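Residue numbers for the sequence shown follow this note's numbering, so the first one is 1 and each next one is one higher.
Quick caveat, the hints were computed from the structure, so don't treat them as lab data. Mixed in with the good hints there might be a few duds.
As the list claims (entries may be wrong) - No farther apart than 25 Å at their CA atoms in a straight line, the calculated lysine to aspartate or glutamate pairs in the DMTMM-like style are these:
| no. | residue 1 | residue 2 |
| --- | --- | --- |
| 1 | 10 | 91 |
| 2 | 50 | 71 |
| 3 | 10 | 65 |
| 4 | 10 | 71 |
Please read these numbers as outputs of a predicted model, since none were measured by experiment.
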Amino acid sequence: MPNITVDFSKVQSVNEQLNSAVTQTVPRLEDLLTAVSQLLTSDGGLWLQKSSPTLSGQYQTFNTELTAAIESIRSFAQQFHNITVQLSTMDEQIATSSSSA
1 MPNITVDFSK
11 VQSVNEQLNS
21 AVTQTVPRLE
31 DLLTAVSQLL
41 TSDGGLWLQK
51 SSPTLSGQYQ
61 TFNTELTAAI
71 ESIRSFAQQF
81 HNITVQLSTM
91 DEQIATSSSS
101 A
C-alpha cells in the first residue's frame, strides 16, 4: 500500500511559486531578446557584417526555446493542482457515500 500525505496549503504554495516564476521570467527573456537584437544591429554596439545577423538569429532561436521550456513549468503547477482537486473530490465522495450507508 502506498503511503500518502497531502498538505493542500504546501501544494498551493508551490503551485503559486511555479506560476510566479513563469510570470516573472518570461518578460525578462523578452527584454533580453530586444536588447540582444538591438545590440547586434549596425548602430547597436556590436555589429559584425557577417556574424551579427547569424548571432541574432541564434539568440532568437535560443530565447524562443528557453521561453517555451519556462512556459512548460505551468504544466507542472497544473498537474499538482489537478491532483489536489481529484483527492479532495474523492474524499468528498467517500464521506458522502459513507454517511449514506
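Taking the hints in turn, this is what the structure says about them:
| no. | hint | verdict |
| --- | --- | --- |
| 1 | 10 to 91 | holds (18 Å) |
| 2 | 50 to 71 | violated (33 Å) |
| 3 | 10 to 65 | violated (30 Å) |
| 4 | 10 to 71 | holds (22 Å) |
Checked against the numbered hints above, the structure violates hints 2 and 3; every other hint is satisfied.
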